[in-house]
Amino acid sequence: MTRTASSVGIVTAQVAHFDVPLPLSSGAVLPQYQLVYETYGVLAEGKDNAVLVCHALSGSHHVAGQYAGDPRAVGWWENMVGPGKPVDTDRFFVIGVNNLGGCHGSTGPSSVNPVTGQPYGSGFPFLTVEDWVESQARLADHLGISTFAAVMGGSLGAMQALQWTIRFPERVRHALIIAAAPCLSAQNIGFNEVARQAITSDPHFHGGDFYAQGVVPERGLRLARMLGHITYLSDDAMMTKFGRELLGGTPHFSLEVEFEIESYLRYQGKKFSERFDANTYLIMTKALDYFDPARTAGGDLARALKPARAQFLVLSFTTDWRFSPARSREIVQALLDNRAVVSYAEIDSNQGHDAFLMENEDYFAVMSAYFERIVGECRP
Amino acid sequence: MIRADYELIAQGVPEESRVLDLGCGDGQLLAHLQRVRRVSGYGIEIVPERVVAALRQGISVLQVNLEEGLSGFSDHSFDTVILSQTLQAMRHTEEILREMLRVGREGIVTFPNFGYWKHRWQVLNGAMPKSEDMPYEWYDTPNVHLCTLYDFERLCAGIGVQVMERRVMNPAGRTVDLMPNLLGSLAYYRIRLQA
Numbered sequence: 014m015t016r017t018a019s020s021v022g023i024v025t026a027q028v029a030h031f032d033v034p035l036p037l038s039s040g041a042v043l044p045q046y047q048l049v050y051e052t053y054g055v056l057a058e059g060k061d062n063a064v065l066v067c068h069a070l071s072g073s074h075h076v077a078g079q080y081a082g083d084p085r086a087v088g089w090w091e092n093m094v095g096p097g098k099p100v101d102t103d104r105f106f107v108i109g110v111n112n113l114g115g116c117h118g119s120t121g122p123s124s125v126n127p128v129t130g131q132p133y134g135s136g137f138p139f140l141t142v143e144d145w146v147e148s149q150a151r152l153a154d155h156l157g158i159s160t161f162a163a164v165m166g167g168s169l170g171a172m173q174a175l176q177w178t179i180r181f182p183e184r185v186r187h188a189l190i191i192a193a194a195p196c197l198s199a200q201n202i203g204f205n206e207v208a209r210q211a212i213t214s215d216p217h218f219h220g221g222d223f224y225a226q227g228v229v230p231e232r233g234l235r236l237a238r239m240l241g242h243i244t245y246l247s248d249d250a251m252m253t254k255f256g257r258e259l260l261g262g263t264p265h266f267s268l269e270v271e272f273e274i275e276s277y278l279r280y281q282g283k284k285f286s287e288r289f290d291a292n293t294y295l296i297m298t299k300a301l302d303y304f305d306p307a308r309t310a311g312g313d314l315a316r317a318l319k320p321a322r323a324q325f326l327v328l329s330f331t332t333d334w335r336f337s338p339a340r341s342r343e344i345v346q347a348l349l350d351n352r353a354v355v356s357y358a359e360i361d362s363n364q365g366h367d368a369f370l371m372e373n374e375d376y377f378a379v380m381s382a383y384f385e386r387i388v389g390e391c392r393p
Numbered sequence: 129m130i131r132a133d134y135e136l137i138a139q140g141v142p143e144e145s146r147v148l149d150l151g152c153g154d155g156q157l158l159a160h161l162q163r164v165r166r167v168s169g170y171g172i173e174i175v176p177e178r179v180v181a182a183l184r185q186g187i188s189v190l191q192v193n194l195e196e197g198l199s200g201f202s203d204h205s206f207d208t209v210i211l212s213q214t215l216q217a218m219r220h221t222e223e224i225l226r227e228m229l230r231v232g233r234e235g236i237v238t239f240p241n242f243g244y245w246k247h248r249w250q251v252l253n254g255a256m257p258k259s260e261d262m263p264y265e266w267y268d269t270p271n272v273h274l275c276t277l278y279d280f281e282r283l284c285a286g287i288g289v290q291v292m293e294r295r296v297m298n299p300a301g302r303t304v305d306l307m308p309n310l311l312g313s314l315a316y317y318r319i320r321l322q323a
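If you're matching them up, the sequences are chains P and U in order. With the working numbering applied, the first sequence corresponds to residues 14 to 393, in that order. With the working numbering applied, the second sequence corresponds to residues 129 to 323, in that order.
Honestly, the hints are just simulated from the structure, not real lab data. We put the beta carbon where it would ideally sit given N, CA and C, even for glycine. Each hint should be verified, as a subset may be incorrect.
[Stated by the list, open to error] Facing chain P, according to a computed beta carbon distance under 8 angstroms, are these residues of chain U, among others: (1) Val180; (2) Val189; (3) Leu190; (4) Gln191; (5) Ser202; (6) Met218.
[Unchecked claim] Beyond 12 angstroms from chain U on every Cβ pair, some chain P residues (computed): (7) Thr263; (8) Glu275; (9) Pro320; (10) Gln324; (11) Pro338; (12) Ala378.
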């Protein structure tokens with residue numbers, strides 16, 4: 014096994030249109046919508062090698078590869094997905110899809126509402142993880158995939174994978190639940206609320222209908238992202254990466270950037286505000302807040318997961334304080350109570366929540382070993 | 129390559145039962161039991177490389193620290209809980225035996241017998257013993273609680289654990305009936321809580 018890993022190379026996004034109305038958890042109905050997606054690898058004749066990658070808060074369908082003419086636009090899970098990589102595209106047909114409500118091409122708040130001819134803006138319905146899974150299942154139908162070899166994701170993406178196993182037990186053979194929680198804690202929701210307040214209190218927000226005004230609530234988005242970034246990193250990783258050196262060596266007694274971390278957060282905030290839609294951010298964070306499969310099962314997660322038939326791999330990272338290993342163990346515990354087939358690894362990493370996106374020897378060894386198992390099952 | 133105690137353990141595990149293997153290592157034992165006894169269950173392992181090896185064996189493995197107990201498992205959720213050549217490396221010996229028999233109806237424990245004559249001989253000659261079942265130097269051994277058959281049975285009696293079956297083997301893998309605490313190198317016990 015000394016194959017060298019490479020990239021899937023140049024990729025092109027595709028679009029699927031849906032005209033069958035989609036009823037949503039909120040009671041609203043989306044009469045029509047589109048999902049933008051990418052695929053890597055080849056769908057086997059038996060259609061048994063499909064892997065669905067669900068994205069997290071700020072992700073997209075662009076999981077791996079590059080776009081022609083834009084070599085910097087590398088997929089967000091490029092280290093994980095590709096030929097010879099843990100999710101080996103020489104063996105698996107991998108699908109990345111931009112979630113409904115997103116801002117990367119799938120129908121979302123910045124899309125034009127066919128009824129009004131204007132961007133949806135504040136008129137776009139709130140969404141839940143359940144809604145996303147419903148819409149992803151329709152994409153799977155569209156692609157002729159009845160059963161996924163695996164559905165996987167990190168963070169909010171993992172919540173979608175979990176929901177898949179509950180909603181469509183017969184369509185998921187393996188679920189990879191990475192850096193997840195079975196629901197947000199009050200602290201998690203608190204952080205999300207501060208981020209939302211930053212956006213909605215920006216004078217350029219205009220109640221969500223800023224598109225017509227030709228402005229963007231950029232400051233709000235920046236603050237939301239800066240706050241988010243703090244929760245994605247561990248204290249240790251931040252200290253190691255940025256330290257507390259003063260730029261000029263001594264205090265300036267000014268509000269200009271003096272510490273490395275200030276510059277980093279401002280840069281990340283700025284970059285994000287230029288590419289991400291404010292309403293999408295609000296919708297995604299609300300979906301995170303609402304996710305709680307145990308809620309309709311009397312608070313009993315095991316009961317909520319009863320329908321699941323998939324085999325599970327649950328992964329957590331030691332310094333993740335946003336979704337700590339203890340939260341992943343809640344999922345494992347519920348699966349054990351159900352006598353489900355589940356493996357669990359707690360990866361030693363100092364990268365915090367972001368660790369699920371980073372290359373890490375133990376992490377990748379576990380992923381590779383697990384996917385090799387799935388390959389073993391795919392063979393006729 | 130099947131370790132000597134695996135066959136013995138397989139004999140003590142009912143067909144299609146639920147098994148928890150504590151300190152499952154590379155998962156060979158559980159994979160073996162899945163093959164020959166069609167058991168279901170999990171292995172528990174803390175060392176990352178072994179977790180990966182166990183995944184490659186095709187077993188379900190949970191990366192959990194045994195020293196912190198088995199709080200993730202409910203009472204009597206397994207037919208058999210196995211502690212194969214792991215007891216001697218555990219710090220909380222009593223605790224893990226109690227936890228085993230809380231989570232499982234029965235326990236299987238195997239360990240190297242410190243009372244084996246070759247071990248005694250080496251101690252008499254003034255050196256810490258080394259053997260096939262205890263292949264470490266005193267300064268790099270993971271073993272912190274080595275014991276003899278006699279020691280183990282005394283502990284069981286003291287904490288209300290009943291020995292249902294004992295098998296003792298020599299390095300050739302043959303059962304030893306005569307003076308087992310002296311002539312046996314590997315001990316196998318099937319245990320349960322005293323009624």
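Results of checking the hints against the structure:
1. Val180: 5 angstroms, holds
2. Val189: Constraint on Val189(U) satisfied, holds at 5 angstroms.
3. Leu190: 5 angstroms, holds
4. Gln191: Status holds, d = 5 angstroms.
5. Ser202: Holds, about 7 angstroms.
6. Met218: 19 angstroms, violated
7. Thr263: Thr263(P) is indeed farther than 12 angstroms from all Cβ atoms of chain U, at 44 angstroms.
8. Glu275: Answer for Glu275(P): holds, closest chain U Cβ roughly 36 angstroms.
9. Pro320: 19 angstroms, holds
10. Gln324: Contrary to the label, Gln324(P) does not stay out of reach of chain U, its closest Cβ about 8 angstroms off (not over 12 angstroms).
11. Pro338: 10 angstroms, violated
12. Ala378: 5 angstroms, violated
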